[in-house]
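Participant: When the letters of the sequence shown are read in order and numbered with our numbering, they come out as residues 1 to 146.
If you're looking for bench data, these hints aren't it; they were derived computationally from the structure.
Warning: the hint list may mix true and false statements.
Cross-link-like lysine-lysine pairs, in silico, DSBU-like; alpha carbons within 35 Å at most [claimed, not checked]: (1) Lys52 with Lys8; (2) Lys52 with Lys123; (3) Lys123 with Lys47; (4) Lys8 with Lys132; (5) Lys123 with Lys8; (6) Lys132 with Lys47; (7) Lys47 with Lys8.
Using C-beta positions, here's what the derived DEER-type ranges look like [stated by the list, open to error]: (8) Glu26 with Glu114: 18 to 24 Å; (9) Arg103 with Ser39: 24 to 30 Å; (10) Asn33 with Asp77: 27 to 33 Å; (11) Lys128 with Glu43: 19 to 25 Å; (12) Asp77 with Glu30: 20 to 26 Å.
Using N, Cα and C, we set each Cβ at its ideal position, and we do this for glycine too.
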Amino acid sequence: MVRVTRWKSLEAALACVGSVADTLLEMRDEESNEGVSESFDLEHLFKEVVPKLLNTSGKHNTRLVVLTRSKRLYVSDSPFLQGRAFVFASQYVLTLAEAGISRQYLEAAVQALEAGGVESVVKISAIKTIRKWVSPSNTASRQAPC
Numbered sequence: 001m002v003r004v005t006r007w008k009s010l011e012a013a014l015a016c017v018g019s020v021a022d023t024l025l026e027m028r029d030e031e032s033n034e035g036v037s038e039s040f041d042l043e044h045l046f047k048e049v050v051p052k053l054l055n056t057s058g059k060h061n062t063r064l065v066v067l068t069r070s071k072r073l074y075v076s077d078s079p080f081l082q083g084r085a086f087v088f089a090s091q092y093v094l095t096l097a098e099a100g101i102s103r104q105y106l107e108a109a110v111q112a113l114e115a116g117g118v119e120s121v122v123k124i125s126a127i128k129t130i131r132k133w134v135s136p137s138n139t140a141s142r143q144a145p146c
């Protein structure tokens with residue numbers, strides 16, 4: 001089981017980085033235009049770190065909920081952290097699309113909604129994530145979310 005202090009620290013870090021999403025994306029664009037390497041590697045974060053927090057891949061601190069033969073969801077022992085990971089990902093919709101991994105996040109959100117035994121906080125966060133992808137204010141991201 002994840003130690004209480006660990007999941008709270010991770011959740012707080014995601015909340016902080018999510019709250020400055022616009023600034024980080026502007027900084028990334030400026031660095032790209034100047035030919036400077038990125039000082040904050042968002043792609044690595046979304047390919048290596050956040051999926052483990054979503055716990056859809058069967059990693060540590062989870063229990064398996066079988067949806068069908070082909071779909072499985074691993075439910076976190078830290079539902080607030082799992083929920084925060086969904087909301088955090090939704091704050092970087094275009095980044096996920098650019099990295100070609102937005103489908104993975106949308107599928108994880110749908111799986112969380114379909115599964116029994118998933119905490120309501122995770123389901124609410126999954127709904128927020130899906131809404132962010134289909135929001136009218138997000139027309140640029142609607143063109144190619146997957």
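Participant: Going back to the hint list, which numbers does this structure go against?
Facilitator: Of the numbered hints given earlier, those the structure breaks are 8, 10 and 12, listed in rising order.
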